[in-house]
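Using the sequences and the hints given, assemble the complete structure.
Taking our numbering, the leading residue of the sequence shown gets 666, the next gets one more, and so forth.
Derived from the structure by calculation, the hints contain no laboratory data.
Keep in mind that the hints are not guaranteed to be accurate.
Within a straight-line C-alpha distance of at most 30 Å, the following computed DSS-like cross-link-like pairs (lysine-lysine) qualify [stated by the list, open to error]:
id : residue 1 : residue 2
1  : K700      : K759
2  : K766      : K795
3  : K765      : K718
4  : K718      : K736
5  : K795      : K765
6  : K795      : K718
7  : K736      : K765
8  : K700      : K795
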Amino acid sequence: MESTFHMLIYRVFHTNRNCNRRRLVELGLGSGQPKLLVYLVEHGGCSQKELAKYFAIDPAAVCRMLDAMEKRGLISRRALDGGRRPGIIEVTQKGIEVEKKWQQQCSATQEHMLRGFSHEERQQFAEYLKRAYNNLNAYLEEGKTADGTEEDS
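Structural data, given as structure tokens:
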């Protein structure tokens with residue numbers, strides 16, 4: 666069995682993704698789209714730039730995902746101040762329904778993953794993951810590579 670955190674995290678992440686993949690396809694969602702849909706349902710309308718920043722992904726990738734989601738009727742785009750460029754991304758009723766089904770799938774997977782964990786252990790585990798995430802983000806902001814050397818500017 667793996668003993669390093671990076672391999673354990675990698676394996677959990679990929680197994681979790683595999684557990685949810687069939688439902689992803691059934692719902693007509695592409696890779697990366699569920700997180701955008703969940704964010705929009707939970708936070709309301711926002712800009713493409715806000716989505717890219719929150720998820721730390723390339724704005725062009727967000728644009729491609731949103732284009733596909735708009736074609737499926739999951740989101741709509743609204744221009745700001747009558748401008749031509751879309752400013753606000755909003756989830757549609759269809760998007761809300763798909764997001765609800767996705768959340769049900771994720772909850773079922775989560776229950777299998779955390780089987781045998783007490784309520785307190787689940788809370789602790791969530792806190793550990795949040796701390797690890799924050800630590801890695803702070804490390805990235807320092808501008809260092811994984812081996813501790815400075816990144817080229």
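The hints, checked one at a time:
1. K700 <-> K759: Given pair K700, K759 holds - Cα atoms ~16 Å apart, limit 30 Å.
2. K766 <-> K795: The hint holds at about 25 Å.
3. K765 <-> K718: Roughly 24 Å between the alpha carbons, so the hint for K765 and K718 holds.
4. K718 <-> K736: Cα-Cα ~23 Å, so holds.
5. K795 <-> K765: With Cα atoms ~24 Å apart, K795 and K765 stay inside 30 Å; holds.
6. K795 <-> K718: holds, 18 Å
7. K736 <-> K765: holds, 19 Å
8. K700 <-> K795: holds, 17 Å
Consistency note: the structure conflicts with none of the earlier hints.
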